[in-house]
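Using the sequences plus the hints, can you model the full thing?
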Amino acid sequence: MLRKGITESFGAAIHALSSNQLTDGVIHRSKRMMLDALGVGLLGTRTTVFNKALKYSQTFTADQRSSVWGRSDLTLPPHYAAFVNGIAVHSMDFDDTWHPATHPSGAVLPALLALAETMPSRPTGLDLLLAFNVGIEVQGRLMRFSREAYNIPERFHPPSVVGVMGSAAASAKLLGLSPAQCRHALAIAASSAGAPLANAATQTKPLHIGNAARRGLEAAQLAQIGLEGNQAMLDMCSGFGVYYKDYSPSVMAHSSSGVFKWILEEQDVAFKRIPAHLAMHWVVEASLAARRKLQNKEGSFDVSRISRVTLHVPPSKYINCPFPDSEHQARHSFQFNASSALLDNKVTVASYHPAQINRSALKELLSKVEVQTPEDNRPSFDHMYCQVEIETTLGLSYTARCNTFYGHWRKPLSQEDLVDKFQANASSVLNTEGVEGLIHVVGNIERITDCSDLYSFLRRTSRCPEQELYDYARSAAS
Amino acid sequence: QTPIVFFLQKSIKAGQAVRGLHKSAVGVLKRPAAEDTVTSSFGKFISEIKPQHLSPIVLHRSKRMVLDSIGVGLIGSTTEVFELALQHCQHMYAPDNISFVYGRRGTKLSPTLASFVNGVATHSMDFDDTWHPATHPSGAVLPAVLALSDMIPAHRKPSGLDFLLAFNVGVEIQGRLMRFSNEAHNIPKRFHPPSVVGTMGSAAACAHLLSLDPSQCSHALAIAASLAGAPMANAATQSKPLHIGNASRLGLEAALLASRGLEASPLVLDAVEGVAGFSAFYEDYVPQTLESPSDNGHVFLLEEQDMGFKRFPAHLGMHWVADAAASVHKLLVGVKPGKVSPSQVQDILLRIPKSKYINRPFPESEHEARHSFQFSACCALLDGEVTVQSFSEAAMNRPELLALLSRVRLEHPQDNPANFNLMYGEVQVTLTGGDILRGRCDTFYGHWRNPLTNESLRKKFRYNAGAVLPSDRVEQLIEAVEDLDRQENCRALLSQLQ
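Protein sequence lines, in the order shown, are assigned to chains A and B.
Following UniProt numbering, the numbering of the first sequence begins with 1 at its first residue and continues without gaps.
Following UniProt numbering, the numbering of the second sequence begins with 1 at its first residue and continues without gaps.
Any given hint could turn out to be false.
So the derived list for chain B, only partly shown, Cβ under 8 Å to chain A, looks like this [stated by the list, open to error]: (1) 94; (2) 186; (3) 190; (4) 195; (5) 222; (6) 225; (7) 230; (8) 233; (9) 242; (10) 268; (11) 271; (12) 275; (13) 278; (14) 280; (15) 418.
Rough simulated footprint, nothing fancy, chain B against chain A, three-plus residues with beta-carbon under 8 Å [stated by the list, open to error]: (16) 72-85; (17) 226-235.
Simulated from the structure, these hints should not be mistaken for laboratory data.
We put the CB at the ideal spot given by N, CA and C, even for glycine.
What follows is the structure, given as structure tokens:
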């Protein structure tokens, strides 16, 4: 077997990367990611899937306990805290997306926070920030090992593949494991990777992120007590390569003193303004623009005068859902998001409530929606576009196209809008002190030596913490 | 003469026929009816299978599997990897006082963690059963079914027969899933099969034992699919046993989550173009529905395809070369037992199938040694057999063994495919005098074509269980498993393991 030293290089880099190698650019971007992840996670603690996972997790007891975001009344064993908080982050498909495609933060941050709470010598804010960035970096590196990873997935859900590796790397970093142990953490984590895409658009999808966080943390802890795996896991096609049809790994070059080129510096993440699959963001912007054109021309918008809506989108089966019957499907439906936007002139968190999904006006509009997949519309978040054409009963048509939605890495959310999103999300669960406290702590995390404030703010709930704001019933089909 | 014509009539409810006439374009785009999918057929089977569907042969064979699995689990509790896994669970989680742990009287863990460590124990020495198509079925299922049974309150514990049925459900589902692809029929290259089908089998067995309805059983499988799949690269390492431990644990978890109402893909086993479900783990995938168990009964795969049990703790492929080398050893030493000296041997040629992860000229750990054609061949040539002790550090580092290892060459004949149903092992030894001795094994003793006798199986069990239990306990366990299908309460078995 040809030893290419790739896994070895990853182990060495994870161990050796230091905080003085963090650049201003990377610090700025990663803090935005942390804040956004906390916000969507807090909002997500009010979902049905979170509550199911929480009830399940409460059957476990442990001496070590970690915080459950948005809950002042209970804690969980660290692995299960990572599990449920990770689920919360991805529960509404509201979390960040990167290129190549994955949801990097949800797999890493919950694990780190759960772990940090239990460590005898509490890590500083800078330690956390560094470990977080190590977890992100490893995910980015791994995705660049295949061409397959650059397109919208078809086989394995990317967070389940690279997310668990990122969590293992970040946890290993925070634990201060040796290079060999870091290497084994990755090898052990690889055996926990890989969930099929079919569970996207279902209630189980958020567990992919929850499990990535949990099992990456577990891998690091098993490595810490001496468990060993295959030291060439990343080098081998029968290793990490099993998750990809084409696999061409390369070394993670690192010198402990020199400058380190973080992928995050070159490639920013996208933040969502709608709790839905990233591709929906193109569709919604294009739909709203087409609607505006119609309204400007005709003076008013009357949905009954629409005869047909044609969507030009990239080919991707799991987000092509003509008649969604659950919130999960609705978040993965070109047709639904276009119709929602046209009907309500906006798409928000509330748009995915069952009552909204089941509106007859919406269903009627859905029956007029057609999807086409032009050859030039590639299934890649870096290249796709969406064009919406509205045809009226009077024979007029209005077309609008979106190439880059606001929030995409090419057109990032302003800091003000990012913080607004966080405030809207976090205040559904926390009181003002908690919300503002978190903004302050995360904003200054590289200067904070004692992170216990972070945890206490995460538990600063408002008066009715138990209320499930979104009591989503089971899908209509069952 | 009037010809006899048979019409197959499907009973159609009146309402359905009417609705069919008014099907709009909208309806055409809907998903297939729940009754028609492969996934739902599996869910229905798991929920509706009954004890009377178990034939005497299946009962007999599955009890042998239960006995062997417990035995290898017990001896596995003496390994380093087991100790490590147990420590991990105990540090991470307080003792939960519910489910027993192999070989640790008084130690208990919560059910999923007990499944985990007991599964690790079962596979820790690669001593557990192997099926065709290839996987290790029992280790993924039994620990979970045992742990779950421990969890069920005393007054509601399953009968021995119910317990056996759940076990067989877990094995059956694994067998059915492996028949969906050609890839599964050969020695694996990508995903380690227990991590793929084992998790699904455990979920199925636990869903059945929890009496989940057909829909929940389907969801348990779908949730489990997101927890399946580990790369082959961790075989021959200390992490391999965790594949079985995790299969057991995560399958149980999937069933528990399904019982709380968690839902997942209703098409996870079906082949949907552009969105991979369980098919993600295979290059070729053609699923088939599972017939509902009717009054006519159900033929379990175990009835048609028996299980292979190992005589020594190493990858199944090793057993062929060990038997072949042992016959050469016999030729060399003659009638009396004795040792072969390396000075007698000039060259050793092995004719074996091509499989990278079991081709290791100089294994550096016990895990690698258990996955090394070369090691098993030389061991058997030297000692006449391969045993549990052959993998101790001292035994592995014997200079005579290393001398033989350095004289091994390999050939991969075209007619020797990497398939446990078709392969053979040939050992050709050239002596220093020039003579050539050859041994060949087509079917080793313990293979499903040449199964271990009950006596041999019990001998193996006594050796294994005796490593951690007193002999009277050992005999009681043998009896408890033998009587399992006649016991009103599986507590008779459980109490022997606490």
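Hint-by-hint comparison with the structure:
{"no.": "1", "hint": "94", "verdict": "holds, 5 Å"}
{"no.": "2", "hint": "186", "verdict": "violated, 14 Å"}
{"no.": "3", "hint": "190", "verdict": "holds, 4 Å"}
{"no.": "4", "hint": "195", "verdict": "holds, 7 Å"}
{"no.": "5", "hint": "222", "verdict": "holds, 6 Å"}
{"no.": "6", "hint": "225", "verdict": "holds, 6 Å"}
{"no.": "7", "hint": "230", "verdict": "holds, 4 Å"}
{"no.": "8", "hint": "233", "verdict": "holds, 3 Å"}
{"no.": "9", "hint": "242", "verdict": "holds, 6 Å"}
{"no.": "10", "hint": "268", "verdict": "holds, 5 Å"}
{"no.": "11", "hint": "271", "verdict": "violated, 10 Å"}
{"no.": "12", "hint": "275", "verdict": "holds, 4 Å"}
{"no.": "13", "hint": "278", "verdict": "holds, 6 Å"}
{"no.": "14", "hint": "280", "verdict": "holds, 4 Å"}
{"no.": "15", "hint": "418", "verdict": "violated, 13 Å"}
{"no.": "16", "hint": "72-85", "verdict": "holds (count 3)"}
{"no.": "17", "hint": "226-235", "verdict": "holds (count 7)"}
Hints 2, 11, 15 from the list above are not met by this structure, while the remaining hints are.
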